[in-house]
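Q: Next come the chains, spelled out residue by residue.
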Amino acid sequence: MVREQTVVSPEHLFFVAPREEVFITGSEAVAEAIKRANVDMAIAYPITPQSESMHLVGDLYAQGYLKDYYRAENEFAVMAAIHGASLGGGRVFTATSGPGTLRAMEMFPVWAGARQPIVCAFMCRGVSLPPSIQPENIEMAMLLDTGMMMFHAENAQDFYDMILKAYIIAEKPDVHLPVGVFVDGFFVTHTRDKVMLPAGDLKLPPYNPQHAPVPAFDMETPPMRIVRDPLLIKSNFISYAANASWHQEVMAAAQRARKHIVRYMGGLLEVENPHAKVFIAASGTAVSQSREALRELRQEGIDAGLIKIKSIRPFPEEEIVASTVNAHLIVVPEFNAGGWLAREIKAALNHNSRVVAGPRVFGGMTMPKELIVNTVKNALKARAGVS
Amino acid sequence: MYAVAKVDTEKCTGCKLCILTCPDPNVFTFYKEVKKVAVNENRCKGCGLCAAACPKEALAVVSV
Amino acid sequence: MSTKIITPVREFADLLPQEYQDLVARGPYFEPKGIEDLGTFKEIIEEHPHCAGCGVSLGIRLVAASLPSPADTVIIGTPGCSFFGLTQTAVNYSNTAFGNQNAVASGLKRMLRIRYPDQHKDVVVLVGDGGIADIGLDLTLHSWFRREKVTTIMVDNEVYGNTGGQESGMSKQGQVLNMAPVGKQFPKIPVFEMAKVSGCAYAVRVTVASPRKVGRAVRNAILVAREIGPTYIQIYTPCPTNLKFPPNRTLEVAREAEKDYYAYEEFITEEAANYLARL
Numbered sequence: 001m002v003r004e005q006t007v008v009s010p011e012h013l014f015f016v017a018p019r020e021e022v023f024i025t026g027s028e029a030v031a032e033a034i035k036r037a038n039v040d041m042a043i044a045y046p047i048t049p050q051s052e053s054m055h056l057v058g059d060l061y062a063q064g065y066l067k068d069y070y071r072a073e074n075e076f077a078v079m080a081a082i083h084g085a086s087l088g089g090g091r092v093f094t095a096t097s098g099p100g101t102l103r104a105m106e107m108f109p110v111w112a113g114a115r116q117p118i119v120c121a122f123m124c125r126g127v128s129l130p131p132s133i134q135p136e137n138i139e140m141a142m143l144l145d146t147g148m149m150m151f152h153a154e155n156a157q158d159f160y161d162m163i164l165k166a167y168i169i170a171e172k173p174d175v176h177l178p179v180g181v182f183v184d185g186f187f188v189t190h191t192r193d194k195v196m197l198p199a200g201d202l203k204l205p206p207y208n209p210q211h212a213p214v215p216a217f218d219m220e221t222p223p224m225r226i227v228r229d230p231l232l233i234k235s236n237f238i239s240y241a242a243n244a245s246w247h248q249e250v251m252a253a254a255q256r257a258r259k260h261i262v263r264y265m266g267g268l269l270e271v272e273n274p275h276a277k278v279f280i281a282a283s284g285t286a287v288s289q290s291r292e293a294l295r296e297l298r299q300e301g302i303d304a305g306l307i308k309i310k311s312i313r314p315f316p317e318e319e320i321v322a323s324t325v326n327a328h329l330i331v332v333p334e335f336n337a338g339g340w341l342a343r344e345i346k347a348a349l350n351h352n353s354r355v356v357a358g359p360r361v362f363g364g365m366t367m368p369k370e371l372i373v374n375t376v377k378n379a380l381k382a383r384a385g386v387s
Numbered sequence: 001m002y003a004v005a006k007v008d009t010e011k012c013t014g015c016k017l018c019i020l021t022c023p024d025p026n027v028f029t030f031y032k033e034v035k036k037v038a039v040n041e042n043r044c045k046g047c048g049l050c051a052a053a054c055p056k057e058a059l060a061v062v063s064v
Numbered sequence: 001m002s003t004k005i006i007t008p009v010r011e012f013a014d015l016l017p018q019e020y021q022d023l024v025a026r027g028p029y030f031e032p033k034g035i036e037d038l039g040t041f042k043e044i045i046e047e048h049p050h051c052a053g054c055g056v057s058l059g060i061r062l063v064a065a066s067l068p069s070p071a072d073t074v075i076i077g078t079p080g081c082s083f084f085g086l087t088q089t090a091v092n093y094s095n096t097a098f099g100n101q102n103a104v105a106s107g108l109k110r111m112l113r114i115r116y117p118d119q120h121k122d123v124v125v126l127v128g129d130g131g132i133a134d135i136g137l138d139l140t141l142h143s144w145f146r147r148e149k150v151t152t153i154m155v156d157n158e159v160y161g162n163t164g165g166q167e168s169g170m171s172k173q174g175q176v177l178n179m180a181p182v183g184k185q186f187p188k189i190p191v192f193e194m195a196k197v198s199g200c201a202y203a204v205r206v207t208v209a210s211p212r213k214v215g216r217a218v219r220n221a222i223l224v225a226r227e228i229g230p231t232y233i234q235i236y237t238p239c240p241t242n243l244k245f246p247p248n249r250t251l252e253v254a255r256e257a258e259k260d261y262y263a264y265e266e267f268i269t270e271e272a273a274n275y276l277a278r279l
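Those protein sequences? They're chains U, Y and W, same order as listed.
What the first sequence shows, in the numbering used here, is residues 1 to 387, in sequence order.
What the second sequence shows, in the numbering used here, is residues 1 to 64, in sequence order.
What the third sequence shows, in the numbering used here, is residues 1 to 279, in sequence order.
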C-alpha cells in the first residue's frame, strides 16, 4: 500500500501551506513531521522516552507513508543499519534516548565522516548511575564533536518544524551532513501542546542521491576503488593529509549550513529584548522556563533579555558575541549536571566572567522559574557588591 | 633483494593450479593457445604457494 | 550498472590509469567469469598490501572472482586484515565500525530493494573471524533471524591478524597467541552450526585449499540470497604471519585442517535447493 500525497516544495510546506492548530504530544509531533517528510525507511529500537514516537512512525509504515520499517536488535545495530540504508541512497529516520545514544555512539562520527544526511531525533534523558529515565540533556555534551549538526527544540512545535527542516538543510549538496534534533525527554515528548500543522496529504520532495557530494552505494557510479571512508590503511603523509582534510571538510560543511539554517529556521538563535544588559541564554525546555523567569524579572523592574539558542552545531558564536556586546550578565540555565551550554558560551565570549553557569537541574528535577530569577538577582547583587 | 616466481615453460603443462593458489590478483596470465602460464614479476610477492602447488615442478621462487 | 557508466569518453580515456582501462576492456562486469577463468581476465582486485602467502587475500580473491554479478555487487566489510584487499576492489566497499557489518548490510539491502525493485543488487558481507564471531556476533545472528537477504562470508584465519596476532573466538583451543598466553581456553565458536539453526537457507564450510568449491559456494550463496534468505560461507584462510609458518605452506596448512577439523560441509534448505535447481 502506498499512501497518495502531494509533493510540494519545502518553502511551500514550511511557510505557505495553511496550518491548523492541533493539541498533541511531542511524540505525536515527531510522527506528524515524518508523515510529511517523504522518508523511505525508518528503523526502531525501544527506549524510554523515545519509544512512543517510533511506535507512531511504525503506524505510518503500516499506513503506507514509509516503504520499510523494522525493529532492530540494539541501538548500535539501529544506527549501523540506518548508515547502511542511507548509503543505499534514500531518506531515513530513527530516534533514541540517553543510554541508547551512548550505546550507538561509535556510529555518529561514521555518519558525519560518510557525509550522510541522516536525521535522528534524540529524546534526551539521564545516562549514568544512579539510573534515571528522567529528562536531562547531558548526552548532548557527548555529541558536540561527532561532526553531526545539532538542533535543540524547545517544544512540540519546534520539534515538528526542526525535523522537517533538518532534512532539507542536511541534504543541501554543500552540507550533506547528519542532523540530530534534540528535545528534553518527557517535558516535550509526553506533554500536550498546541502545534500548528499543514495538511497531512502534503509531503517534501524525495531525496535525490544524485545531488550528493559522495556516491550512493548502488554500483551505479564508476566502481574504481570507491571507498567512501577516508583513507586509513596507509601509514604515510598523503593518507594523514587526506584524513585531516576530510575532517576539515566535515567541519566546513557544517559552517556552510549556517545560511540554510538562517533561511529555513530564521537563524541559529533568537533574541528577545536585544537591548537588555542582563540576558538569560538557554536551549531546549530551559528556554520556556527562562521566558517565565523573564516575565517575573520584568515585574520586579529588572530589564532582562532572552537568547534562545536553536543550533548547537554549528554553534552561533558570532551571533552570541553580537547579542551580548552590551550585556554585563549572562545567566545560562541548563537541564544537565555538566553545564555544557555555559562552557560553549564562555568559549565564544570575551570577558566571560559575565557568564553565570547555572542554575542547573538534573536527574529528572524540574526547573522552577524562581531558580532562574534568584540566580539573576543573586548575581546582580554580588556584582553590585564588587563594584 | 626480491623473491619472485619464475616459470619453466618447458615443464609447464597449463594445468592452471598455480593460478588458483596465488593470493595476489592479476599475477598469473594463462595463454590458452600454448597452454602455458606467465608471471607478472612486478606483482609477485614471492610467497611460493604456486611452486608448492605445481605438480610438474615448473615453478620456482628465485631472488632477483 | 550499465557499460556506459564505466566506459570513459574517448577524449579522456588516455588520462585514466592502465588498470582502469584493463578493467573496462577485460574485466568481469559484462561477461560472466568464474574461478576457472582466472588468468584470462582482469580481476577486480588491485594490488594490495597483504603479506606474502596470505590465506585471507587468497580467500578474498577467490570470492571476488566468483561473484555472479560484480557489476551489481556491493561489499560490506569491517576493520581487520580483510580491508587491505577489499579497499582495492572495484566494487562499492564500506567498512566503518568494527562488528557492525551485518546491520549495515541489512539497511543497505532493504534500501536497494526500495530503489531498484526490479533489479538484483547483491549485498555481500566479507569480513574476518573477529568481526563475525566476536564483536559482531549479535548483529550477524540477528540479521539471520530477521532473514535479511544478504550473503555473509567469513574469512577465518583463526586470529586477529591486523592488530598483531591476538586470540579470537575462532582460534583453536590450546593455541598460544597474544592475549592467550597459556593457550586458548575454549573451542572454536560454532558459527557454522549457528547459521544452520538461525535462518540461513544455505551455508558452506570450506578452505582455500579447495578453490573450486569456494567458487561454487559463493555463487550459490549469492543466488540463494537474492530470493530465498540469508546465506553463510565460512572459509578457512590460514595466516602464515601470525601462526608462524612459512608463507609457501598456507595451502598445506589448509589441507591438513580439511582432513582434521575443517571438513567441507554444505547445508541447504529444501526451498533453496529447489530454487537453485530451477535456475
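Honestly, the hints are just simulated from the structure, not real lab data.
Remember, predicted model here, so these are calculated numbers, not experimental data.
For glycine and all other residues, C-beta sits at the position ideal for the given N, C-alpha and C.
Do not rely on the hints blindly, as some may be mistaken.
With a cut-off of at most 30 angstroms between alpha-carbon atoms, the simulated DSS-like pairs for lysine-lysine come out as follows [claimed, not checked]:
| no. | chain 1 | residue 1 | chain 2 | residue 2 |
| --- | --- | --- | --- | --- |
| 1 | W | 4 | Y | 16 |
| 2 | U | 346 | U | 381 |
| 3 | U | 172 | W | 4 |
| 4 | W | 213 | Y | 35 |
| 5 | Y | 35 | W | 4 |
| 6 | Y | 56 | W | 4 |
| 7 | Y | 36 | W | 4 |
| 8 | Y | 16 | W | 213 |
| 9 | Y | 56 | W | 244 |
| 10 | Y | 56 | W | 188 |
| 11 | Y | 11 | W | 172 |
| 12 | Y | 32 | W | 213 |
| 13 | U | 277 | U | 259 |
| 14 | W | 4 | Y | 6 |
| 15 | Y | 32 | Y | 6 |
Reference listing, derived: stretches of chain U covered by chain W, where coverage requires no fewer than 3 residues with Cβ under 8 angstroms from a Cβ of chain W [unchecked claim]:
| no. | segment |
| --- | --- |
| 16 | 80-88 |
| 17 | 297-309 |
Q: If a hint holds in the structure, say so; if it doesn't, say that too.
A: Now for the hints, and whether the structure bears them out:
| no. | hint | result |
| --- | --- | --- |
| 1 | 4(W) / 16(Y) | violated (33 angstroms) |
| 2 | 346(U) / 381(U) | holds (21 angstroms) |
| 3 | 172(U) / 4(W) | holds (28 angstroms) |
| 4 | 213(W) / 35(Y) | holds (24 angstroms) |
| 5 | 35(Y) / 4(W) | violated (34 angstroms) |
| 6 | 56(Y) / 4(W) | violated (44 angstroms) |
| 7 | 36(Y) / 4(W) | violated (34 angstroms) |
| 8 | 16(Y) / 213(W) | holds (16 angstroms) |
| 9 | 56(Y) / 244(W) | holds (28 angstroms) |
| 10 | 56(Y) / 188(W) | violated (37 angstroms) |
| 11 | 11(Y) / 172(W) | violated (40 angstroms) |
| 12 | 32(Y) / 213(W) | holds (23 angstroms) |
| 13 | 277(U) / 259(U) | holds (28 angstroms) |
| 14 | 4(W) / 6(Y) | violated (39 angstroms) |
| 15 | 32(Y) / 6(Y) | holds (19 angstroms) |
| 16 | 80-88 | holds (count 9) |
| 17 | 297-309 | violated (count 0) |
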